[in-house]
Amino acid sequence: MVEYRIDRRSGVATYLQIVQQTHQALRLGLLEPGDKLPTAREVVEATAINPNTVLKAYRELEREGLVEARRGLGTFVRRSLGSAPADSPLRGELLDWAGRARAAGLERDDVAALFAAVLEEQFPPPQSEPPAKTAPRAQPATTMGDPA
Amino acid sequence: MTDTAIEAADLTLAYGRRRAPALNGCSFRLAAGRVCALVGPNGAGKSTLLALAAGLLRPTSGRLAVLGTAPAAARPRVAYVAQDKPLHPGLSVAETLRLGAELNRGSWDAELAARVVADGDLDAGARVCSLSGGQRTRLALALALGKRAELLLLDEPMADLDPLARHRLMGTLMAEAAEHGTTVVMSSHILGELADACDHLLLVSGGRVRLGGGVDDLVHAHALVTGTGRVADLARHTVVESRATGRGLTALIRTDGPVDPAWDVAEPSLEELLLAHLRAPDAPALITPGTTATRAVAA
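Top to bottom, those sequences are chains A and B.
Heads up, the first sequence is in our numbering, so the first residue is 11 and it goes up one at a time.
Heads up, the second sequence is in our numbering, so the first residue is 672 and it goes up one at a time.
Bound conformation, chain B alone (with noise of 0.2 Å):
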């Protein structure tokens, strides 16, 4: 066992040589046991990362360790789910739940797959080639909750699922989390429901680890601040994004110390926090204490 659910270590992947590389210098460290929402822009490098840790993509330099151990060999203790929710599509229901029951001796829950299953009325005979997006999504994630693995690794796991079936399977998931304490990895473009699910963060942009970190943590390190002030009297801080406001200036800034009472202090949400990331390239990134990447990294 170990406590590090992911730890990477300057982690580059370049698909080609011409293309800028989609993972550029990417550090961080993962604890087991949280629930992170990995979220970026689009082309941001979220997929990319989630295939590496998956064991499917080797990188191109640096270092990644799932579970303590090489990707590939973390394997059978990993659930992966891809963006396109890849399924046999000449197989039933009943037939890949069988499947995933066959290629997870040993561990499979069928139980629990089964009322996966059961709550999206997917009739056991129908073929895979036959049902909408939403409801190979909700086989896909059977399969991946049936195995029972210490880390779920979910690419866009609730993107095309109407809200109800959202909020059923997010909770099903959360359940997984307070009961047996996996790791959860969900990726997004958008925040939206991740917010109350996750309580840790890794904001991915242009191929890097912008924020990470505890939720809380990262918060707390930020101030919204308000006032007739001028930016340069904010100079202690960093300054991530400021705005003129009628006569005065809106700024989220990351705080270091006490700001002068005479700013009107905020804490900002933990949306306005990404927005303002990422209307902001060059800000500096923040990888809060303890989860950056420290020890050696198995190769």
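The shape of chain A in the complex, shown without the other chains (with noise of 0.2 Å):
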């Protein structure tokens, strides 16, 4: 059974919190199509949260069809995300790689920083973005056009 912790600071939206947590979840085989996610009851119970946060994200995990409500059951796992379970080789390659980076005095955030930028560099995100409604965020230089 998943275990949703909510933070209250993150600034991510509660519900928001839950459907990431899930796809983590799914990402890491800790949940597999067929199993069961916790009732609402069991969530907010844990998490003093309001038990509509918890329905709102089921409901968005349905629509990504991730997961489906059974009438009087609950909630199941329809597919998974990804294919990177948690005893899979690569993590175990990645855990290796871990330890070297420490042996070779790297800190946390050195580590992070470096995997930051291998991972944007093999994975780009996707170029359409939808407009965000906040303030336009800078784009990065090499994206630019040059006018002159």
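No lab work stands behind these hints: they were computed from the structure.
Keep in mind that a hint or two might mislead.
[Claimed, not checked] To give a feel for the contact side, a few chain A residues facing chain B, derived at Cβ under 8 Å:
hint, residue
1, GLU55
2, ALA56
3, ALA58
[Said to hold, decoys possible] Pulled from the structure, derived: some chain A residues nowhere near chain B, Cβ distances all over 12 Å:
hint, residue
4, GLY21
5, GLN34
6, PRO43
7, VAL54
8, PRO61
9, GLU74
10, GLU78
11, GLY102
12, LEU105
13, ASP106
14, TRP107
15, ALA114
16, LEU116
17, ALA123
The structure presented is a predicted model; accordingly, all values stated were derived computationally and were not measured.
Virtual Cβ for every residue (Gly too), placed ideally from N, Cα, C.
Got two chains here, separate frames each, mind docking them using the hints?
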């Protein structure tokens, strides 16, 4: 059974935290098709959040096709996400790499920065991001056209 | 059954002729099954509103319906925990629970009441007068929850509880709401932990409802804008509050149509929304559609 942790200071909407943590559990193989998500009652009893927030998160997961609500039975996982279960060999290699980074004297932030840079290089984010409602973000210099 | 938990129309209560009325033309509707935060500064009229809904006070004028009937008639289906948590000081914890069972025959949930008490390490034989403030709160909430009411009216329920007890009791309340569709109204002068638990908000100040409606609806109706324009440029919207920031301006507005793209627009947090309205007592009230008192209200 997954347990959700709600961080009130994260600035991420509470329902979205539940959605993201479910994605994470699916990616890591902590949840697999056929598994049951905790009931709204169980989630709110542990987290003290509003029941409608949980239902909103579950509706979003259902819309994404990841889970399905079965009347009177609960909400069940329909399909998994990604292919990097917690016990995959790739995780082992990453663990080795992290050990070598530590041995080389890198600190947590150094490792995170390095990882983020490689991630950015190998998995560029989709270009067609919907326009943000908030202030526009600065574009990376490499994608800016030079009219001159 | 009714889909409305509380409906107030022009509700007014004056404690004396010479004093300003505690409630002054209060109108709103709260749908059944909602978890509502009743917030406002000290002396705003929160406790008065809850006591009226519990049928303990009579309004000077205006009308109020609770669960589709008069507040006094709804009392068997309502649980009310007053701010000072009145309990019989001479009874023990176990005797208090037994009293709850005797007074609520047929609906008493002994298992739930016992669990709420056991969670707090209360000694069953301890007299109420020997309990700490937090322990009394827990016992009072155990009585209210054991009653299995359709509507829980809680006046500052968490004020003297430690953070862990607060979180646990809020979890228990939310579990009740999830399982039984219980309507909960909780007052507080700080928003704090209520923010995540509530889906409905009533902001009361000066005896009136300033904001009323679903939390998401209220937040979406407003925007926090920053830019180098002037307040006059925002005239098509309702400016709740504005402040100079450097060379520019930050304003919390109630939007009417799209905002000029020259402004940076962000969604305010619930806390920002409340503080802005408390600092600007003259800003017009907003009660979102579906949460205004519409139908005839029982006398």
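Which earlier hints turn out false for this structure, listed by number in ascending order? 4, 7 and 8
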